[in-house]
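S.K.: Sequence:
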Amino acid sequence: MTEQPISFERPETGVDPAESRGALVRTSTPPTTPPDTPSTAHSTPPHTPDGGACAGGAALPAQARTGETPSTPGTTAPSGPSKEPSDIAGNGPEHSQPSVAAEPDSHRPRPVPEAIPPQPGTEPPQSAAERRTGQGLPPGRPTPMRRDGDRLRFVGAATRRIARGIDLDEIVMGLCRATVPTFSDAILVYLRDPLPVGDERPTGPVVLRLRRTDRIPEERDTDSAGFLPAPQQPEPTELAELSTVTAELCEVRPGGALAEVLRGVRPVFADAPAARAALPELLGEDGELIIPDGQRAILAPLRGRRRVIGAAVFLRRPDRLAFEPDDLLVAAQLATHSALGIDKAVLYGREAYIADELQRTMLPETLPRPTGVRLASRYLPAAETARVGGDWYDAIPLPGSRVALVVGDVMGHSMTSAAIMGQLRTTAQTLAGLDLPPQEVLHHLDEQAQRLGTDRMATCLYAVYDPVSHRITIANAGHPPPVLLHLGGRAEVLRVPAGAPIGVGGVDFEAVELDAPAGATLLLYTDGLVESRLRDVWTGIEQLREKLAATAQLTGPDHPPPLEALCDEVLDMLGPGDRDDDIALLAARFDGIAPSDVAYWFLEPEDAAPGRARRLARRALARWGLEELTDSVELLVSEVVTNAVRYASRPVTLRLLRTDVLRCEVGDDVPQLPRLRQARATDEGGRGLYLVNRLARRWGATRLSTGKVVWFELNRG
Numbered sequence: 001m002t003e004q005p006i007s008f009e010r011p012e013t014g015v016d017p018a019e020s021r022g023a024l025v026r027t028s029t030p031p032t033t034p035p036d037t038p039s040t041a042h043s044t045p046p047h048t049p050d051g052g053a054c055a056g057g058a059a060l061p062a063q064a065r066t067g068e069t070p071s072t073p074g075t076t077a078p079s080g081p082s083k084e085p086s087d088i089a090g091n092g093p094e095h096s097q098p099s100v101a102a103e104p105d106s107h108r109p110r111p112v113p114e115a116i117p118p119q120p121g122t123e124p125p126q127s128a129a130e131r132r133t134g135q136g137l138p139p140g141r142p143t144p145m146r147r148d149g150d151r152l153r154f155v156g157a158a159t160r161r162i163a164r165g166i167d168l169d170e171i172v173m174g175l176c177r178a179t180v181p182t183f184s185d186a187i188l189v190y191l192r193d194p195l196p197v198g199d200e201r202p203t204g205p206v207v208l209r210l211r212r213t214d215r216i217p218e219e220r221d222t223d224s225a226g227f228l229p230a231p232q233q234p235e236p237t238e239l240a241e242l243s244t245v246t247a248e249l250c251e252v253r254p255g256g257a258l259a260e261v262l263r264g265v266r267p268v269f270a271d272a273p274a275a276r277a278a279l280p281e282l283l284g285e286d287g288e289l290i291i292p293d294g295q296r297a298i299l300a301p302l303r304g305r306r307r308v309i310g311a312a313v314f315l316r317r318p319d320r321l322a323f324e325p326d327d328l329l330v331a332a333q334l335a336t337h338s339a340l341g342i343d344k345a346v347l348y349g350r351e352a353y354i355a356d357e358l359q360r361t362m363l364p365e366t367l368p369r370p371t372g373v374r375l376a377s378r379y380l381p382a383a384e385t386a387r388v389g390g391d392w393y394d395a396i397p398l399p400g401s402r403v404a405l406v407v408g409d410v411m412g413h414s415m416t417s418a419a420i421m422g423q424l425r426t427t428a429q430t431l432a433g434l435d436l437p438p439q440e441v442l443h444h445l446d447e448q449a450q451r452l453g454t455d456r457m458a459t460c461l462y463a464v465y466d467p468v469s470h471r472i473t474i475a476n477a478g479h480p481p482p483v484l485l486h487l488g489g490r491a492e493v494l495r496v497p498a499g500a501p502i503g504v505g506g507v508d509f510e511a512v513e514l515d516a517p518a519g520a521t522l523l524l525y526t527d528g529l530v531e532s533r534l535r536d537v538w539t540g541i542e543q544l545r546e547k548l549a550a551t552a553q554l555t556g557p558d559h560p561p562p563l564e565a566l567c568d569e570v571l572d573m574l575g576p577g578d579r580d581d582d583i584a585l586l587a588a589r590f591d592g593i594a595p596s597d598v599a600y601w602f603l604e605p606e607d608a609a610p611g612r613a614r615r616l617a618r619r620a621l622a623r624w625g626l627e628e629l630t631d632s633v634e635l636l637v638s639e640v641v642t643n644a645v646r647y648a649s650r651p652v653t654l655r656l657l658r659t660d661v662l663r664c665e666v667g668d669d670v671p672q673l674p675r676l677r678q679a680r681a682t683d684e685g686g687r688g689l690y691l692v693n694r695l696a697r698r699w700g701a702t703r704l705s706t707g708k709v710v711w712f713e714l715n716r717g
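In terms of my numbering, the sequence shown opens at residue 1 and continues consecutively.
Quick caveat, the hints were computed from the structure, so don't treat them as lab data. Ideal Cβ placement from N, Cα and C applies to all residues, glycine included. A hint or two may mislead.
[Stated by the list, open to error] For lysine to any residue, the following SDA-like pairs were computed, each having C-alpha atoms within a straight-line distance of at most 25 Å: (1) K547 x D558; (2) K547 x E564; (3) K708 x R658; (4) K344 x R307.
[As the list claims (entries may be wrong)] Label pairs and their computed distance ranges (CB to CB): (5) E542 x R369: 31 to 39 Å; (6) P194 x E542: 45 to 53 Å; (7) A594 x L695: 23 to 31 Å.
Given the sequences, and given the hints that come with them, work out the whole structure.
M.R.: Have a look at this one:
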């Protein structure tokens with residue numbers, strides 16, 4: 001069996017064959033064999049002084065390949081099948097090289113194998129341009145990218161560069177940068193528009209869109225570039241106008257020439273009959289202007305896992321060596337790796353889109369604007385590639401102008417954690433609507449987590465703020481304590497019983513009631529803000545407290561810092577190694593409601609209660625200077641109080657709140673909520689809520705643990 005010639009060229013240290021600087025491979029001239037040495041494939045290879053065989057040792061590293069045994073001195077390696085890059089590229093066994101024994105000194109000059117004809121070193125020196133273009137070389141002299149070893153090294157480096165990309169643009173750019181100028185002078189990449197995702201069956205005609213073009217710049221340093229002519233030679237006009245000559249969109253006609261080439265999957269030369277008819281359809285009417293004569297253009301379909309998703313066109317200039325048949329195998333490898341990478345990038349993009357949509361639905365799109373409190377929030381995922389986590393926050397308006405503030409963290413970081421977070425958040429909203437105490441809310445959340453599974457655990461902090469009493473009630477389930485920033489600039493870590501995490505079961509939660517003075521800011525957060533690999537949680541909490549105090553000093557003791565800017569300043573305390581977990585942040589600025597803006601009465605459930613309610617409301621409006629609302633308020637208060645005293649057995653409460661709107665609240669001990677209905681002409685009642693619905697700005701009814709509250713709001717002036 002006659003051995004194939006192998007290359008003596010080795011890439012420079014640190015040079016990637018797919019880069020432009022890697023196109024020129026340094027060749028060291030091997031020593032010539034004596035004239036009387038036979039050059040047949042069956043002759044015994046010469047031995048080194050230590051007895052090791054050196055046949056084929058000039059082309060490959062000294063160590064043996066994985067899965068092969070080193071050849072013994074004086075014997076040749078078996079030529080069985082091997083998993084070489086040449087097999088992956090489709091070159092087959094004819095390009096495989098025999099394995100060699102390890103040499104003791106890799107720096108010692110190696111003799112030329114007998115199967116390779118001697119290469120004299122007496123040729124005149126060549127310029128860089130001649131070495132890159134192949135001009136001025138004697139016939140039969142190997143040129144860059146004409147040897148099998150060069151192609152294998154280039155394919156390996158190019159596929160590694162393509163595989164580094166994650167999203168679609170990175171993969172397409174990796175294909176362009178790996179091939180230009182090492183393999184071609186220009187490239188055009190067309191992809192389907194829209195790209196099919198997974199097993200989806202595209203509907204409608206197949207449309208290819210020009211995704212990216214790349215070419216050699218007009219001026220480039222020839223000493224460091226690939227196969228380039230001298231800089232004084234201008235770039236051909238055809239390649240300089242790739243973006244203007246080629247068509248951006250191309251509809252693949254069923255049964256047309258382009259459809260046949262794409263269906264065949266294999267790359268073809270531009271001078272092939274099938275490609276001559278397909279390229280004008282792909283590039284447009286003026287696209288033929290950029291196609292050089294001869295085998296200087298390759299059309300390579302891009303086939304993903306299930307279907308063709310595009311095409312790539314590789315171009316070489318007329319002054320460049322033409323493509324060879326083996327270059328079709330290189331183009332096929334590049335197209336295959338790029339198409340599979342694009343397929344995965346599209347699937348990754350769909351996963352990221354689903355993750356973003358899931359995260360948006362799990363967290364509140366906008367925060368409410370309850371009376372007496374201002375809110376701001378932030379959410380940061382752990383990393384760009386992990387967009388979904390188990391952290392959440394919420395603000396829920398409650399009866400009596402109160403608001404529930406919730407922040408929680410499901411243990412783990414996955415889609416499952418996000419799904420559990422969504423269920424717990426929905427449960428918390430439902431429990432808040434029942435107006436349960438904070439400790440009861442955590443108790444029911446603990447039961448819900450146990451129903452979801454034995455390993456479903458989470459931490460949660462639930463607080464209820466009352467702007468009328470300026471008090472806040474907090475219950476904690478294993479969550480980091482909140483921080484209260486006072487108006488004077490003092491930051492205080494609130495002492496709240498930690499409790500056990502949700503999901504442990506059989507744990508009693510405790511609530512504490514604290515002062516919430518006007519102008520103070522309460523900060524609720526998850527552990528990702530204060531805990532990381534570089535610091536423990538209590539060190540992070542102390543740094544957070546110091547950060548809040550320092551920020552408050554910038555605005556002075558009489559003015560609290562702006563809420564949005566305060567959240568940004570808090571996130572600025574994160575260092576490069578502090579993003580180990582998701583971060584949920586909820587800030588509440590307590591404005592409260594002044595006692596002078598509140599009027600509160602108890603009414604006995606008797607027939608005279610509606611008339612007394614009208615008189616009390618009239619006096620309050622006169623005291624506040626809102627006489628223009630007297631008629632509307634008297635009518636609506638009379639209707640709501642009448643419905644309350646009809647069924648109540650205990651005193652009815654009436655409260656008026658003057659904020660940016662006028663709010664009226666009527667409470668009783670009956671849990672059934674009133675429903676709006678259309679009264680018939682013969683009905684004597686049933687029109688009270690209809691009047692409320694027509695005259696009030698907003699109205700509603702909320703069930704309490706002791707009954708219900710019916711409320712309505714009117715605009716002030």
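S.K.: Run every hint past the structure and note whether it holds.
M.R.: Do the hints match the structure? See the list:
Simply put, K547 and D558 have alpha-carbon atoms about 18 Å apart, close enough for the 25 Å limit, and the pair holds. A threshold of 25 Å between alpha carbons decides the hint, and for K547 with E564 the separation of about 15 Å falls inside it, so the pair holds. At most 25 Å may separate the alpha-carbon atoms for a hinted pair to count; K708 and R658 meet this at roughly 21 Å. Taking the CA atoms of K344 and R307, the gap is about 13 Å. The hint holds against a cut of 25 Å.
For the pair E542 and R369, the beta carbons lie near 33 Å from each other, so the given range of 31 to 39 Å is met. Between P194 and E542, the C-beta spacing of about 52 Å keeps the proposed range 45 to 53 Å intact. Distance hint for A594 and L695: a CB-CB separation of about 27 Å, consistent with the stated range 23 to 31 Å.
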